[in-house]
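For reference, the chains in residue letters:
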Amino acid sequence: GQNIDQPTEMTATEGAIVQINCTYQTSGFNGLFWYQQHAGEAPTFLSYNVLDGLEEKGRFSSFLSRSKGYSYLLLKELQMKDSASYLCAVRRNSGGYQKVTFGTGTKLQVIP
Amino acid sequence: DAMVIQNPRYQVTQFGKPVTLSCSQTLNHNVMYWYQQKSSQAPKLLFHYYDKDFNNEADTPDNFQSRRPNTSFCFLDIRSPGLGDAAMYLCATSRGQGARTQYFGPGTRLLVL
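Residue numbers (the working numbering), protein chains in the order written: chain P, 976 to 1087; chain G, 3 to 115.
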């Protein structure tokens, strides 16, 4: 089975930087995803890591350490529209298929 | 624009009355997924199709079935909805199982009365 842990809620100030952590335990690891989900909407893709290190894309960066089972999503220059849930998802090889399991998400509130 | 479309966006059904949710895609992706997401919970994978190859998650209730008549369309059938089946149902697609991302449709919110 799998276990994915992320903080339930976080609050940060507009213009600041926030780091959302995700730890996981799985066998057959084959990639980690971060998605953003606004209330009542579908998840939208933010980033993908399969090798150790940092992936940067504009204001968003994601880091992965496979040996530690750890990832973080870094959001810079926070904007009010960044208030959303951020879902960490892990893909693993299972029985000839590749399956993605989502964490319960971190609800980020950006305050003025 | 290429996209994933789900109809309807909102569906109301009665307890025990069969309901079908639909998903279509113009991305020509060979993998399609159905997720169930309840309030404040993670999306939970129900099943997926890899081309015509159907894979059911072990804990997906028998009440849930799926059909994929062609590459573009996939249906979720709930044979006898219970109150606990009220949720957002998300369809997603990917180009291969090892793709960098899944593309999600807007979801169908199901209400069971």
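Honestly, I wouldn't trust all of these hints.
[Stated by the list, open to error] Straight line, CA to CA, 35 Å or less: simulated DSBU-like cross-link-like pairs of lysine-lysine:
1. G:19 / P:1051
2. P:1032 / G:40
3. P:1074 / G:40
4. P:1043 / P:1056
5. G:54 / G:40
6. P:1082 / P:1051
7. P:1051 / G:46
8. G:19 / P:1032
9. P:1074 / G:54
10. G:19 / P:1056
11. P:1056 / G:46
12. P:1056 / G:40
13. P:1056 / G:54
No lab work stands behind these hints, which were simulated from the structure alone. Since the structure is predicted, the reported quantities are computational estimates derived from the model, not experimental observations.
Status of each hint after checking the structure:
1. G:19 / P:1051: Answer violated: residue 19 of chain G to residue 1051 of chain P is near 48 Å, above 35 Å.
2. P:1032 / G:40: Status holds; Cα separation ~30 Å.
3. P:1074 / G:40: holds (20 Å)
4. P:1043 / P:1056: holds (31 Å)
5. G:54 / G:40: With Cα atoms ~28 Å apart, residue 54 of chain G and residue 40 of chain G stay inside 35 Å; holds.
6. P:1082 / P:1051: Given pair residue 1082 of chain P, residue 1051 of chain P holds - Cα atoms ~16 Å apart, limit 35 Å.
7. P:1051 / G:46: holds (29 Å)
8. G:19 / P:1032: violated (46 Å)
9. P:1074 / G:54: holds (17 Å)
10. G:19 / P:1056: Violated, at roughly 39 Å.
11. P:1056 / G:46: holds (26 Å)
12. P:1056 / G:40: holds (23 Å)
13. P:1056 / G:54: violated (39 Å)
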